[in-house]
Amino acid sequence: MLLEMSANAFGDRIAIGSRDGSGVSYRDLFENSGRAAKFFRDGISERVSLIDTSSVALPVALFGSAWAGLPFVPLNYRLTEEEIQALAGEISPATAIVNEITRSGVENIAGFKCVSRTEFMSTYQCGDVPDPDWEMDPEQIAILLFTSGTTGAPKAAILRHSHLVSYILGSVEFMGAGEEEATLVSVPPYHIAGMAALCSSVYAGRRIVQLPNFDARQWIDLVIEEQITHAMVVPTMLSRIVEELEKHSGVDLNSLRFLSYGGGRMPRPVIEKALRFLPQTNFVNAYGLTETSSTISVLGPDDHRSALESKDKIIRRRLSSAGQPLPNIEVSIRDEEGKILESGSTGEIWVRGEQVSGEYLEHRTRVTDEGWFPTNDGGFLDPDGYLYVEGRMDDVIIRGGENISPGEIEEVILLHPQIKDVAVVGIPDSDWGEIVVAVVVPSSKAKLDMLEIQEFVRGRLRSSRTPDRVAIVDELPYNETGKLLRRVLRDNLSSSSLDKD
Amino acid sequence: MEIRAGSRLKSTVCSTEVIAVKAPDGEIDVRCGGVTMSDPSSPNMGNGAPLEEADGGSLMGKRYVSSDETLELLCTKPGAGSLSLGDSLLTIKESKPLPASD
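Sequence lines, in order, name chains A and B. Numbering of the first sequence is given in my numbering, commencing with residue 1 and proceeding in unit increments. Numbering of the second sequence is given in my numbering, commencing with residue 1001 and proceeding in unit increments.
The set of hints was computed from the structure by calculation and includes no laboratory data. You may find that some hints are simply not true.
So the derived list for chain A, only partly shown, Cβ under 10 Å to chain B, looks like this [as the list claims (entries may be wrong)]:
no., residue
1, Met136
2, Pro138
3, Gln140
4, Val165
5, Glu173
6, His248
7, Ser430
Backbone N, C-alpha and C define an ideal beta-carbon position, used for all residues, glycine too.
Please work from the sequences and hints to get the whole structure.
Laid out in structure tokens, this is it:
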């Protein structure tokens, strides 16, 4: 529906690809999607999957599935063969677009019809275009996305057309983008931000440029070559981009008007450096979950700049916040019994709005009768309504009966000039139940002293927040979309013998 | 006619087409150019002219809502007629563009 409108209004405009003339127009994208829909409607497949990197075939698969009335299920191609097989089993019977690496793992699964990207492209590039006979049933499932499962087994979050349409119509002006605008998508297809970027860009009429395997140097080169105006990155990507900009002074990314980030906690030093390296760029911090059709809260460009320049601690601190909720979204902070807490108190973040799904395949919905979705993220609202996200509720450390949020300690440790990255986790302890362990990554060559780090925290937070132990490592375990794997870290720590201070 | 979210409607007097994003239960009279809109599959579409009191036109990509916001239509093809629920004209519901969050 969204794509048909764009194809009718601006058929010749380039929807996806390079500005050198090789790109695909909205009309072509629409016709390709129609032919793809015909291919997907084989009478057997109940879903369409894609186990491959981003390519021009991705939007065709997404919009073709919608046209055919089948849910689109992009899977993480980086998972192990066994993990992919388990997820594939859950979504069979399905047509799957695969690559040489992922094909072998899934081609023998019952009900799985595998096609390579090239085979898929040849089916949709020629032939008759069917009539636009799609039905828009708002209750139909548009996308199934497996959550990253940092705290447990991946769950398939259900996004119905009603959720996505509500998000897009509420936040994107139809064909609101100028013809020169282009967005660089470097998040993978199986990430909600990747899906949201395709839908928003198509509806706004903004050209999409894809970077399938993120690399900071290539990202910078593409911004310059393609005169990119908009981009979205996860924190680890921004951190690498900043490192690259530090190495090569004089790189000019003046086409880049908007740079948004989300998907994990952004270390304050990284965003501060980024703001200084890219003085003409508008920064946007977008907080959202797969289950909420992407963004629910935004820290806008003006908030970034005023926080960077402010002397006021409260305003400066906003650089670490997720900004204010969108107009169509309500946010409240609740205690364990679901009672609303006043501003400043930390609890679980609950959200409500038409774009919020909160339902999972084969699992129940997590949404309350009143429409509230408990996100399992902890955080608080300040008196001006700025939302601070402190991490997953499951990651809260309970030390001697006191709830301690790792995010609060991590933020302080990151202010230490010799520390590049940190994770704070709780590990089991016979005295305290759990103790606080800070795992730190020193910046190059820095010699770090455990006592110094403990002192550093003690001077800034309540004494219970002082790490009981400090471990120094070369790097922290992240998944490829920049989410810290705390579970892995905890398992490693519990099984290894740490030096006690 | 009865309309539900997802229903598509065509004007009988101009080129306007809409899709319902939200609709109240029961029979309602959605008009374009002052004349009741019809199912897109029915013949004789887009001929004639809008009535004088309803010739303000519809705009592509805009959302139109009734005064109580129980009916919301998305204009997928623009035309010369104005959209109304019975006699009362629908108004444009502005989206609030995000500062490009994705």
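Hints breached by this structure: The structure breaks hints 6, 7; every other hint is satisfied.
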